[in-house]
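2 protein chains.
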Amino acid sequence: MTPYVLAIGQGWTVQQALDHVRRHGEDSETLNVVYVVDESGKLIDDLRIRQLLLGDPGSSIAGLMDGLFVALRAQDDQEEAVRVFSEYDRVAIPVTDSKGMLLGIVTVDDVLDVIEEEATEDIQKIGGTQALDHPYMQTGYLQMLRSRASWLVLLFLGQLLTLDAMRFFSDQIERAIVLVLFVPLIISSGGNSGSQAATLVIRAMALDEVSLGDWWKVMRREIVFGVTLGLVLASLGFLRILLGQSLADAFGNQWSRVGLVVGLSLTGVVLLGVIVGSMLPFLLRRLNFDPAASSTPFVATIVDVTGLVLYFGIAAAILL
Amino acid sequence: MTPYVLAIGQGWTVQQALDHVRRHGEDSETLNVVYVVDESGKLIDDLRIRQLLLGDPGSSIAGLMDGLFVALRAQDDQEEAVRVFSEYDRVAIPVTDSKGMLLGIVTVDDVLDVIEEEATEDIQKIGGTQALDHPYMQTGYLQMLRSRASWLVLLFLGQLLTLDAMRFFSDQIERAIVLVLFVPLIISSGGNSGSQAATLVIRAMALDEVSLGDWWKVMRREIVFGVTLGLVLASLGFLRILLGQSLADAFGNQWSRVGLVVGLSLTGVVLLGVIVGSMLPFLLRRLNFDPAASSTPFVATIVDVTGLVLYFGIAAAILL
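So the protein sequences, as listed, match chains Z and B. With the working numbering as the guide, the letters of the first sequence map in order to residues 3 to 322. With the working numbering as the guide, the letters of the second sequence map in order to residues 3 to 322.
Hints are computed from structural coordinates only; laboratory data are not their basis. Just to be clear, a hint being listed does not mean it is correct.
[Unchecked claim] Which bits of chain B does chain Z cover? Going by a derived footprint, with three or more residues having C-beta under 8 angstroms, they are:
(1) 57-66
(2) 69-80
(3) 106-120
(4) 148-156
(5) 283-289
[Claimed, not checked] Residues on chain B that point at chain Z, a partial pick, calculated with CB under 8 angstroms:
(6) Ser195
(7) Leu241
(8) Arg242
[Said to hold, decoys possible] Pair ranges (Cβ atoms, derived):
(9) Z:Gly43 to B:Tyr143: 46 to 56 angstroms
(10) Z:Pro137 to B:Arg177: 24 to 34 angstroms
(11) B:Ser61 to Z:Ile46: 28 to 38 angstroms
(12) Z:Val229 to B:Ile320: 58 to 68 angstroms
(13) Z:Leu245 to B:Ile320: 49 to 59 angstroms
(14) B:Val311 to Z:Leu241: 53 to 63 angstroms
(15) Z:Gly69 to B:Lys44: 22 to 32 angstroms
(16) B:Phe71 to Z:Ala76: 26 to 36 angstroms
Where a beta carbon is used, it is the ideal one built from N, C-alpha and C, also for glycine.
Starting from the given sequences, assemble the full structure and let the hints guide the process.
Below you can see the structure in the form of structure tokens.
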């Protein structure tokens with residue numbers, strides 16, 4: 003915000019206002035707009051300089067006023083400023099304090115940087131890094147290591163649960179070793195569908211297309227997508243097993259049951275992925291965290307652990 | 003771009019210019035700037051209206067000129083416009099044709115929308131979806147399914163290679179079933195570190211912090227990060243095995259070799275992840291694809307397949 007702003011009184015004449023612009027225009031970053039304030043300094047209107055130039059020099063400012071103006075308050079956050087600029091298509095917007103006193107103006111070129119910074123932060127968080135303070139190449143080795151290691155270690159500790167899940171099911175694995183062949187395929191499918199859902203919802207939240215209250219609407223949509231996408235992948239997975247079996251007897255005499263287990267698991271894990279991916283941003287926002295912290299690796303880690311349990315659970319019911 | 007722009011001649015007087023602003027200012031979206039053109043209509047300077055207001059009405063425009071101005075050419079793309087606005091902190095920039103003729107102006111509020119759209123596209127691609135044409139909630143079921151299914155199916159087909167990798171090593175797996183316990187942990191660690199690297203590089207490219215020629219500098223940095231981060235995760239993994247072995251004899255009498263295999267594999271797979279993640283955006287840009295298409299799931303899929311080969315390869319050398 004710049005405090006240099008062209009403020010004129012409503013009792014002035016057009017000529018007085020033009021003289022004021024001539025005298026003080028040099029300090030001002032303002033554009034073609036002057037701001038009308040009342041005796042106490044409260045903002046009551048904005049006028050384009052061209053309205054002054056076109057007006058009769060002897061007429062009063064009050065006669066040109068329409069009382070319609072857009073302003074930001076000093077306590078508004080950057081996101082609100084971005085929203086107002088986007089909505090009103092202005093190049094400068096005045097800023098007032100909580101009592102409506104004119105403090106200065108914000109120009110849209112300041113907002114450009116804010117928008118780019120916010121998008122960068124979101125993208126870095128989605129990718130599973132703490133947001134960096136400096137550009138990639140200017141970030142020191144130690145700071146970069148810290149930002150990345152903290153998340154990687156956290157994810158690794160979460161991922162260690164897959165070890166427990168696998169150990170828990172090691173009896174089943176030993177009895178049907180064919181099951182382990184599909185482990186990477188199944189957990190990754192859940193992670194991928196979850197990453198998609200999470201990034202779509204995070205971005206929709208950042209652009210105010212989706213608010214906290216929409217969680218149920220989003221959930222309903224995502225359940226439909228999850229089941230459909232899951233069935234698509236399940237069909238492909240089943241086809242692959244059918245093919246492998248016909249060509250090379252790759253999956254033993256229980257191949258059709260294996261196909262059923264894999265197909266059901268893929269459907270379930272994709273549905274799980276989109277539900278976790280789409281709801282985690284809502285949960286984080288509800289808890290006043292940044293929704294973008296539900297990074298794609300974070301979603302993938304949750305889905306990996308739960309997906310393994312789902313897969314071996316289904317296998318235990320059908321195959322063993 | 004708007005074609006309504008205040009253009010004045012260099013031979014005019016300040017008074018003539020002000021009269022022109024008075025007469026034609028109404029049509030113009032311009033701000034406080036008028037553009038000086040020569041006889042043929044070629045842009046030769048910009049002047050602030052305040053320079054006119056402050057000047058002697060009888061003096062000539064040529065006397066106020068400094069010949070310094072910033073302009074866009076009509077053939078420049080949106081990204082170039084964003085770059086120029088960010089660099090020069092202007093609220094409006096004139097546009098010329100290839101011969102320098104003034105065509106109109108672009109105001110920064112038009113650029114706001116471009117920046118947000120581009121960030122949205124990048125985020126959606128990073129998350130492994132085709133960029134959507136409409137906001138999340140307004141995108142129809144069918145279009146949303148198409149955008150998501152196309153990527154998911156592609157990733158799934160890639161992921162099917164993990165099935166072949168697992169089958170290729172099934173002899174080793176049967177001889178040392180303990181190996182399969184670590185499969186999810188190892189492939190996910192590679193995927194996570196790759197996602198980090200990819201998003202950092204994609205964003206740095208989008209902001210022009212990193213260009214194609216920097217690939218080797220980035221590679222060197224990422225190798226250092228990859229080895230360091232890999233060793234951190236390897237230590238944690240080894241500690242976990244040591245702990246599990248001490249408390250519950252969880253990994254059999256070969257546990258120290260298992261620990262070595264897992265530690266080496268984690269280091270290798272994290273290094274692999276950051277190299278694939280950081281170099282894929284360069285490769286895609288080199289091939290004239292959008293670097294953002296090296297989505298985190300895409301990177302994870304490549305690293306899953308190669309990571310499995312690495313893991314079982316190391317296991318074959320040390321354990322079997």
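Quick rundown of the hints versus the structure:
no.: 1; hint: 57-66; verdict: violated (count 0)
no.: 2; hint: 69-80; verdict: violated (count 0)
no.: 3; hint: 106-120; verdict: holds (count 8)
no.: 4; hint: 148-156; verdict: holds (count 5)
no.: 5; hint: 283-289; verdict: violated (count 0)
no.: 6; hint: Ser195; verdict: holds (6 angstroms)
no.: 7; hint: Leu241; verdict: violated (10 angstroms)
no.: 8; hint: Arg242; verdict: holds (6 angstroms)
no.: 9; hint: Z:Gly43 to B:Tyr143: 46 to 56 angstroms; verdict: holds (54 angstroms)
no.: 10; hint: Z:Pro137 to B:Arg177: 24 to 34 angstroms; verdict: violated (50 angstroms)
no.: 11; hint: B:Ser61 to Z:Ile46: 28 to 38 angstroms; verdict: holds (37 angstroms)
no.: 12; hint: Z:Val229 to B:Ile320: 58 to 68 angstroms; verdict: violated (44 angstroms)
no.: 13; hint: Z:Leu245 to B:Ile320: 49 to 59 angstroms; verdict: violated (34 angstroms)
no.: 14; hint: B:Val311 to Z:Leu241: 53 to 63 angstroms; verdict: violated (24 angstroms)
no.: 15; hint: Z:Gly69 to B:Lys44: 22 to 32 angstroms; verdict: violated (43 angstroms)
no.: 16; hint: B:Phe71 to Z:Ala76: 26 to 36 angstroms; verdict: holds (34 angstroms)
Checked against the numbered hints above, the structure violates hints 1, 2, 5, 7, 10, 12, 13, 14 and 15; every other hint is satisfied.
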